[in-house]
Every structure is written in C-alpha cells, then in structure tokens.
Amino acid sequence: MRADPKGVLTGDHYLDGDQACAEGALAAGCRFFAGYPITPSTEIAERFAERIPEAAGVFVQMEDELASMAAVLGAAWGGKKAMTVTSGPGFSLMMENIGLGVMMEVPCVVANVQRGGPSTGLPTLPGQADMMQARWGSHGDYEIIALSPNSPQECFDLVIEAFNLSEQYRVPVMFMMDECVGHLTEKVSIPRPESIEIVDRKWYRGRKENYLPYAVNGDLVPAMVKAGDGYRFHATGLTHDERGYPSTTWQTQEKCVHRLVNKIRQNAENIIKVEKDNVDDADVLVVSYGISSRVAVPAIQQARQQGIRVGHLRLITVWPFPEKMIRELAGRVKAFVMPEINYGQMVFEVERCAAGKAETYLVPHGGGWVHDPKNILQVIEAAAA
Amino acid sequence: MLTEIRFSGFGGQGIIRCGYIVGKACALFDNKYATMAQSFGPEARGSACSSELVVSDERIFYPYMTRPHILVAMSQDAFDKFIGEVRDGALLLIDEDLVKPGNRIIKLKTFAVPATRIAEEMGNKVIANLIMLGFFTAVTELVSLEAMRQAVPGSVPERFLDLNLKGFERGYEFGGGITGKMAKPEKAMESAVSS
Amino acid sequence: MSQLTHPMESILRMNRMPHIWCPGCGIGTAMTALAEALNKTQIPLDKVAVVSGIGCTGRVAGYVKLDSFHTTHGRAIPFATGLKLANPELKVVVFSGDGDLVAIGGNHFIHAARRNMDIAVFCVNNFTYGMTGGQLAPTTPPPATSTTTPYGAYEQPFNLAHLADSAGASYVARWTVLHIRRLTKSMTEALQKKGFSFVEIICPCPTLYGRRNRIGDGLQEMQFYRDNCIIQHGADTRTIDIKFRDKIVIGKFVDRERPTFLDALNSRLLEALGNRYEPYGKVTENADRN
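The listed protein sequences derive, respectively, from chains S, B and D. Residues 23 to 407 (the numbering used here) make up the first sequence, in order. Residues -5 to 189 (the numbering used here) make up the second sequence, in order. Residues 434 to 723 (the numbering used here) make up the third sequence, in order.
Among the clues, some could well be false.
Pairs of lysine to any residue residues, derived as SDA-like cross-links and limited to a Cα-Cα distance of at most 20 Å, are as follows [as the list claims (entries may be wrong)]:
no., chain 1, residue 1, chain 2, residue 2
1, D, Lys498, S, Tyr267
2, D, Lys480, S, Glu231
3, S, Lys28, D, Glu711
4, D, Lys480, S, Asp163
5, S, Lys346, B, Met59
6, S, Lys209, B, Leu22
7, S, Lys28, D, Arg709
8, D, Lys498, S, Glu231
9, S, Lys396, B, Leu22
10, S, Lys28, D, Met450
11, D, Lys498, D, Gln568
12, D, Lys498, S, Lys298
13, S, Lys230, D, Met447
14, S, Lys298, B, Arg53
15, S, Lys230, D, Glu711
16, D, Lys480, S, Arg227
17, D, Lys480, S, Lys298
18, S, Lys209, B, Arg61
19, D, Lys480, S, Tyr253
20, D, Lys627, D, Gly585
21, S, Lys28, D, Met447
22, S, Lys28, D, Asn708
23, D, Lys498, S, Lys209
24, S, Lys230, D, Leu445
25, D, Lys480, S, Gly252
26, S, Lys396, B, Met59
27, D, Lys498, S, Glu76
28, D, Lys480, S, Ala77
29, S, Lys209, B, Ser138
Ranges between beta-carbon positions, derived for each pair [unchecked claim]:
no., chain 1, residue 1, chain 2, residue 2, range
30, B, Glu152, S, Glu68, 44 to 54 Å
31, B, Arg153, S, Pro59, 44 to 54 Å
32, B, Met(-5), S, Asn300, 52 to 62 Å
33, S, Asn397, B, Arg153, 14 to 24 Å
34, B, Gly6, D, His666, 53 to 63 Å
35, S, Asp34, B, Met(-5), 42 to 52 Å
36, D, Gly667, B, Glu152, 49 to 59 Å
Keep in mind the hints are simulated off the structure, nothing from the lab. Every residue, glycine too, gets a C-beta built ideally from N, C-alpha and C.
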C-alpha cells in the first residue's frame, strides 16, 4: 500500500526530531492522536494538533497518560491508526494499558522521548534509561517491538516503520527517542506519497458467523475487524480463547501467552534492523543506539586512527534484541563496548548473548547530557589492550 | 570544514529562530549539513538563552558544539555566560548597544552592529534578530545570501515577513555585504579595549 | 420439538450463560434494562459498542452480543472516548461499576463529562467493591461496614449525580433496579441523547453489602428501595446525597443541550480554517439518529 497523500508533506524541511516524528506518523496514516503534554515529547503533540485537521483525523488532549493510552487502544479498535507520545513519568503511567494493548493485540505506536530519571528527574534533558521499561514495563509475560532513531530524518522514516510493524504484528510498538534526538533540528526529506510503503493490518474477510477474533493460521497474527462492522466480537484483557472469551485455565493461558511471545520471537529476524560499520574486521565492537550512536562516532574514528580495529553496530531495532547476531559476533570480536545514557540496560543483553565468549564493557552515563566521546575512546582503548 | 556557532541573547529576542534560519539555509539551500540544538530551561522568557548550530560539508555525527568558532551575543548576560567557551581566533558578533564586551576579547575578531536600535528605527524591535542575521551573513560568509533569503519565508510569522526581510537586508548592508568587505571590526575592537 | 429462547437472545451471548453474578444481585437486571432500551431505540445493533472496566459490572461487556470491550480498571471511559472519536457512527455505551468509574476512573469520568463526549455511561452503584470481596467504595455511605472499614465507614462518599451534573453532563438520572420500567425508559433517553449522558443504577449486592449492613438479602434490599425511594424529577443534584439506610431520591435530574466534543471541535476548526477544513465525523454522526 502507498501512503495517503493527505498526510504527506513532501519536500525538504528543517525539522526537529519531535516534529519529524509527527510528520512520519501522519505519513504512516496515523489519524488518531491522544496525548498529555510532557517535556520533551510535547512538540510531537503540538505538531500533530496543528496538522491533523487537514488530514481527516482527530487529535484529543486527554486528562492524563492513563487515558491517552486507553483512548489509543479504543481508536485502533475503531479502525484508525493511532498513537500517543510521552516521556518520563508519563511512560510509567501508560504501562498498564500497554499491557492491555499487548493482550488484546492492538496495533498502535507509543513514542517515548526519553529524559533523565528516575521520577521527575531531568524533564528537559536526555536519558536512555527507559529501555528495559519498554521491554518489561507492563506486568506479565510478553514480547514487544521497540525502535530507536538517531536523527530527525530517522524519526520520520522509522515511525512509519513502527506503524507498519504494529499493524503487521498487532502489537504496540515503542518508539524510543531521547531528548537529544527529539530536539535536534536537521534536514528531513519527505518523499512523495507513492514512494512511502504502508502496511495495513490484516483485515478479516471471511463470513461473519465464522469470525473468531483470536484464531490464527500460519503466521500467529490473528486477522482483525473493527467495531461497527457487524461482527459483534468481544475483546478482553483477561486471558481468553480464540473466541475472545475469558477462560481462566492454565491451558488457555499457555496457548495465549505462547502465541503473544512467539509471534514476535519467530519473526525476530524479519523485524530486526541494524546499521553496521567496519564490523567484519573488528576486534572491538561498539554497540549503540539513539543519540549515543552518534556521540560514539568521533571516538570510533579516533580509535581507528590510533590503529585499533574497532567497528560499530547500531541497533535500530532494540526489541526484539538481535540475539543471534550478537552471539555470532561474540565468537569473532574480542570485546563489546556499549555507551548508554544509563547505568546498564541494553548492555546486559549484549553480555547475555556474548555468553563469556567476548568481554562486555559498559560506558555508563547518569543522564542529563551525552557522553564525552573521550570517555568512550578510553573504554575502547582498554577493551583493545 | 566544520563550524560551530552559538547564537545567544535573552528569551523573546528570537535567538532560537536565528539558529534555525541559518541552519535551514545551510541544510536546504546551500547543500551543507547543519544540525541545530537548543538549550531548554523551564523559563519561557527573560533569562539567557541560546541555540547551537554545527555546519559542515560532511555528515555530522557528534551533533553538539564543543567550542564555538562564532559567538553571536545579543545580551550582556548571554555574553558573560558564553564568552569563556569560544576558541581563540573566534568571531564575535554583538549587538553593540546591549553588549559591552570589556577587554577580554582581544583575541577575537569582533563585529558590532546596533541591531536593536536599527530595528526600533525600522518600527519594530522584534526584527533585531533578522538584522543580526543579515549582518552575520555579510561578515561570516558561512552561508550564502541567496540561501538566507530563501530560508526566511516560512521561518517567521507570515504577517511580519516583509519587515523581517527588510531587516535582514538592512543588517546585510550594515555588515558591508553589498560593498564586499566589513568596514567596522577594528573600530569595534578599539572601542571594546578602551571601555 | 419446541425450543425455548430467551427474549433477549438477540443481544445476549447465550453461550456464555450462566453469568457469574450472585443470586439477588441486580446487575443482571440492569443489563436486561440495557438490552430492552437498545431494542426500544432501534439503534442498529451492529453500530453499538459496549465498553466496561473491571469488577462485577465490568463483566457486562462479555455477556452482550455486541462489539464489546472488557478493558482495564477505571479506563473504560477513555477507551470509549478513543473508540467513539475513531468511529463516530458508533453508539458507544460504557457499562461499569461505581468503584471502576468514579474511584480509579474518577478523573476520566469528570473529564469526559466536561468535554461532553458523546457516550452513554451506565453506572451500577452497589456501594461496594463486589468482585474483590466487599471493600470500601467511593459511594459507601457512612457508617456502613465493609472489609476495609470493619468499624464502619467514615469518609464522605461521592454523590454521583451531582458529580456528573457539575462536571457538565448533558443527561443525568438515577434509578434503582427495582424501578425497571423507569430505568429502561431513562436508559433509552440516555442512549438517544447527544453528549455525555449518565444513569446511576442503584443495585443490591446482598452478598457483600446488604447482609453485612443489615439491609438483608436481594429481595429485602429491593423492598428497602420500594419503601425508601422518592421520585423527584429535576431535583437539585446538590441535595440528593445517598445516606446510610435513608431515603433515596431518584428521577431524571438533568437534560440539557450542550455541544458535544466533536461538535465543538468541528465548529472551532471551521471558524479557524474555513473551507480548508472538512468537518470530522460529521456525515456519519447523524446516522444513528435515523
């Protein structure tokens, strides 16, 4: 499918990451936005509110983030592509209904422009410390998809990808920006609508009386209908069977959770995207995402000038984590170096997959600013020694 | 070639806009890379505010300024706050009525323009930032005049577009852009040393 | 072979019966009133969606043979808000309990009323948390006992009708499950009303409220309603608090016209943007009135 021209602002623009994210959502076909203002994500909502009236959609500022997330789920069942955006405490408040989205299998996108935490933390300054929350933040067992852009251009491109993945796999997709990327202003090239690839959810086309909301064949993703089309279906946050009816047996639970997890795990290789630079000959591999993937580059360049064979693996998809790739690389490189604006989150995934075959070094940062590339260089040097 | 610029002043002067317009001109019309960052605080108006711009012929990875090659200061507070970080030999552009640099700037090439006074003479002090940008375009030669002229529309409120463009041209003339070379830097430096 | 069918079979999921509610509970009666009201309004059932939160009343969504959503605790109203705005041709009904709608979901309740979101909210008020075993609710009248107020309640409860009224609801009524005909009529009106309409449905919970507070079993609580309810249409909602084992004022209290959220949004954007703006959801919003 091609993008609806109504939402696409074709041309070159000078936008910050937040604005580019809103433009990407519109290009992706997002026609419902519910949100609650919170720094540093608010500009996404502002841009959307300004642009949506002429794209035949609706914006609603809700009373809080609990409501925003719930409204997004309702809207998706109403047939719209829907998103909400937040930061810091707002992400915590959304967790309950992100879980409902996972359980009801609702396509939608949640952008988190990460700031320093915990609690109110640093509202106007960056962090990358919600990465595990994106993965595990709602209670219970599930898999999620999360992407991490590193420029305004990618905020545009990847939020379209986020919508496409959410539609394809019927799962809320976490769009893990950070304050830096959200507030950097750079050139953003928006293509013509006909060259933007859009994925729509798999709509059920069979007979009404045969419709089972959670029956699957093959790809583990059930076909969807929307409210008002005469299917008279039921969806619940309770453990449910193929009919969508609650069932409190361990057998139903097993079937339900097994599928929620496996529809992502079995498709991980199709979902995962990374950017590789000098990986093949690397002794030391810097693994990074978001703003840290840009801040690491001067350190990597400097190290290579010093004769250290260092490569760069940038995670564009952070969840599902590229386990297989890290496992394979661990047999070839001496060490992984991971700069993160936190005291260790994704690095533990790297360490887990390295499984002792390569050393893993964290370059931590408490938040509020990016790393000094010199600190990353020092760790690369230590790892290479 | 990578150039780091800080635009600074107080809230409400259109300082962020300055960084935005130059960045947009470079990125969209001069075929360069330009990354702008803005410092945010909880205060909406008043205190020292600034925007940072990195302009390069190559892709920009590290997006932030380290030590500016150019400092534009439109308030004394901003000047005092940011003067310490500039590189030796950096260019300093000031609103000469609002910034008294003192004698610390001997190693800098200083260019002074009464941007706010000119704006008031033209009827609205809100265009002081565009006068500074015209002046900036003339004296730094970082960005082309044509790119700047293209970047202003859409970057200022539509109803003030003409006034802003006039202010920009006025600042450019003041900077000697039309005649070719800047006439005033030495004079500005002398006055700074003596003050 | 004769086949017995339930009169509400077109609206209820008979394959999910029996329901989970206790003998003497009034939620089933309230659900039947909803089914009858829907039949009376003749709104096409394919265009009706029911959203519930969590709790005994929250189970209603699972029993109605309609597009229905059993959401999270307290969030039925914002979920319904998204559903309605995404697909304005739907008639969206929120059916949930007092704890769900005005304790954990209280903020959403007042804001949906303030926005005059075009949804019908039916709140079964049984003065307690039934599903979790009879704890203090935001409606429990002091000094009733609950498992978390073993020595009697002492907090002032919400007067739900007044809360809805003062937050801006277009329609506010209160009935009990004893007043089944009037309740059904009121629900019909609420379903047909444009804007945020609210019906409070007083309902026995013999297992966890009635017996514990010496009101008795379901039948005795219904007798209590018969003896103590006063119908007073148009009553000033400030004056109709429900006190412990005291008179209950019931009736239709508010029925007023206010622009809905979408009406207000459309007229503002039309004024601001002129013919660049195509009113959102306009064509279809009137469909359910026909």
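Comparing the hints with the structure gives:
Restraint check for Lys498(D) and Tyr267(S): satisfied, since their Cα atoms lie roughly 12 Å apart, inside the 20 Å limit. A hinted pair counts as satisfied when its Cα atoms are at most 20 Å apart, and Lys480(D) with Glu231(S) qualifies at roughly 17 Å. Restraint check for Lys28(S) and Glu711(D): satisfied, since their Cα atoms lie roughly 12 Å apart, inside the 20 Å limit. For the proposed pair Lys480(D) and Asp163(S), the alpha carbon gap of about 34 Å is over 20 Å, so the pair is violated.
Taken as a hint, the Lys346(S) and Met59(B) pair is broken in the structure, with Cα atoms around 38 Å apart against an allowance of 20 Å. Proximity of Lys209(S) to Leu22(B) is assessed by CA-CA distance (about 7 Å); at most 20 Å being required, the pair is judged to hold. Restraint check for Lys28(S) and Arg709(D): satisfied, since their Cα atoms lie roughly 12 Å apart, inside the 20 Å limit. A threshold of 20 Å between alpha carbons decides the hint, and for Lys498(D) with Glu231(S) the separation of about 12 Å falls inside it, so the pair holds.
Using a Cα cut-off of 20 Å, the hinted pair Lys396(S) and Leu22(B) is violated, with the two alpha carbons roughly 32 Å apart. Between Lys28(S) and Met450(D) the CA atoms are separated by roughly 47 Å; this puts the pair beyond 20 Å, and the hint is violated. Taking the CA atoms of Lys498(D) and Gln568(D), the gap is near 31 Å; set against the 20 Å cutoff, the hint is violated. This hinted pair does not check out: Lys498(D) and Lys298(S) have alpha carbons roughly 53 Å apart, beyond 20 Å.
Restraint check for Lys230(S) and Met447(D): the C-alpha separation of about 18 Å stays at or below 20 Å, so the hint holds. With a C-alpha separation of about 16 Å, the suggested pair Lys298(S) and Arg53(B) falls inside the 20 Å cut-off, and the hint holds. Note on Lys230(S) and Glu711(D): the hinted pairing is violated, with a Cα-Cα distance of about 33 Å set against a maximum of 20 Å. Taking the CA atoms of Lys480(D) and Arg227(S), the gap is about 19 Å. The hint holds against a cut of 20 Å.
Of the pairs offered as hints, the one joining Lys480(D) and Lys298(S) is violated, with about 51 Å between alpha carbons and a cut-off of 20 Å exceeded. Annotation: proposed proximity of Lys209(S) to Arg61(B) is violated, straight-line Cα distance about 23 Å (limit 20 Å). The hinted pair formed by Lys480(D) and Tyr253(S) meets the criterion: a straight-line CA distance of about 10 Å does not exceed 20 Å. Straight-line distance between C-alpha atoms of Lys627(D) and Gly585(D) comes to about 41 Å, which puts the hinted pair past the 20 Å bound.
Restraint check: the Cα-Cα separation between Lys28(S) and Met447(D) comes to about 45 Å, which exceeds 20 Å; the hinted pair is violated. Using a Cα cut-off of 20 Å, the hinted pair Lys28(S) and Asn708(D) holds, with the two alpha carbons roughly 15 Å apart. Distance restraint check for Lys498(D) and Lys209(S): the Cα-Cα separation of roughly 52 Å exceeds the 20 Å cut-off, and the hinted pair is therefore not satisfied. With a C-alpha separation of about 17 Å, the suggested pairing of Lys230(S) with Leu445(D) holds against the 20 Å cut-off.
Under the criterion of a C-alpha separation no larger than 20 Å, the hint pairing Lys480(D) with Gly252(S) is consistent with the structure, at around 7 Å. Annotation: proposed proximity of Lys396(S) to Met59(B) holds, straight-line Cα distance about 15 Å (limit 20 Å). As the CA atoms of Lys498(D) and Glu76(S) are separated by approximately 37 Å, the hinted pair breaks the 20 Å bound. Between Lys480(D) and Ala77(S) the alpha-carbon distance is near 25 Å, which puts this suggested pair outside the 20 Å criterion.
With a CA separation close to 17 Å, the supplied pair Lys209(S) and Ser138(B) stays within the 20 Å bound. Distance hint check: the CB atoms of Glu152(B) and Glu68(S) are about 18 Å apart, inconsistent with the given range 44 to 54 Å. A hinted range of 44 to 54 Å is violated for the C-beta pair Arg153(B) and Pro59(S), which are about 27 Å apart. The beta-carbon spacing between Met(-5)(B) and Asn300(S), approximately 25 Å, falls outside the hinted interval of 52 to 62 Å.
Distance hint check: the CB atoms of Asn397(S) and Arg153(B) are about 49 Å apart, inconsistent with the given range 14 to 24 Å. A hinted range of 53 to 63 Å holds for the C-beta pair Gly6(B) and His666(D), which are about 56 Å apart. In this structure the hint that Asp34(S) and Met(-5)(B) lie 42 to 52 Å apart at CB is violated, the actual value being about 22 Å. Between Gly667(D) and Glu152(B) the C-beta distance comes to about 52 Å, which sits within the given range of 49 to 59 Å.
Comparing the model with each earlier hint shows violations of hints 4, 5, 9, 10, 11, 12, 15, 17, 18, 20, 21, 23, 27, 28, 30, 31, 32, 33 and 35; every other hint is respected.
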